[in-house]
Amino acid sequence: MKIKVFILRMESELLNEKNKRFLLLINQTKMTIRKNIGTYFYKN
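Counting from 1, position 19 in the sequence shown corresponds to residue 19 in my numbering; the numbering is continuous, with no gaps.
Since the hints were derived computationally from the structure, they do not count as laboratory data. Honestly, I wouldn't trust all of these hints.
As the list claims (entries may be wrong) - Computed list of lysine-lysine pairs in BS3-like fashion (alpha-carbon distance at most 25 Å, straight line): (1) LYS20 with LYS30; (2) LYS30 with LYS43; (3) LYS30 with LYS18; (4) LYS18 with LYS4; (5) LYS20 with LYS35.
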């Protein structure tokens, strides 16, 4: 039983890591888009 719990915990940790990376990626993309839009409007 303990092993099962341990594995489940490890899996959830991995999922959390993936989600964190994914959110970071989304945030970076949002920032880049905002920068691009900002420079686009600034130029025109």
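Structure-based check of each hint:
no.	hint	verdict
1	LYS20 with LYS30	15 Å, holds
2	LYS30 with LYS43	20 Å, holds
3	LYS30 with LYS18	18 Å, holds
4	LYS18 with LYS4	21 Å, holds
5	LYS20 with LYS35	22 Å, holds
Checked against the numbered hints above, the structure violates none of them.
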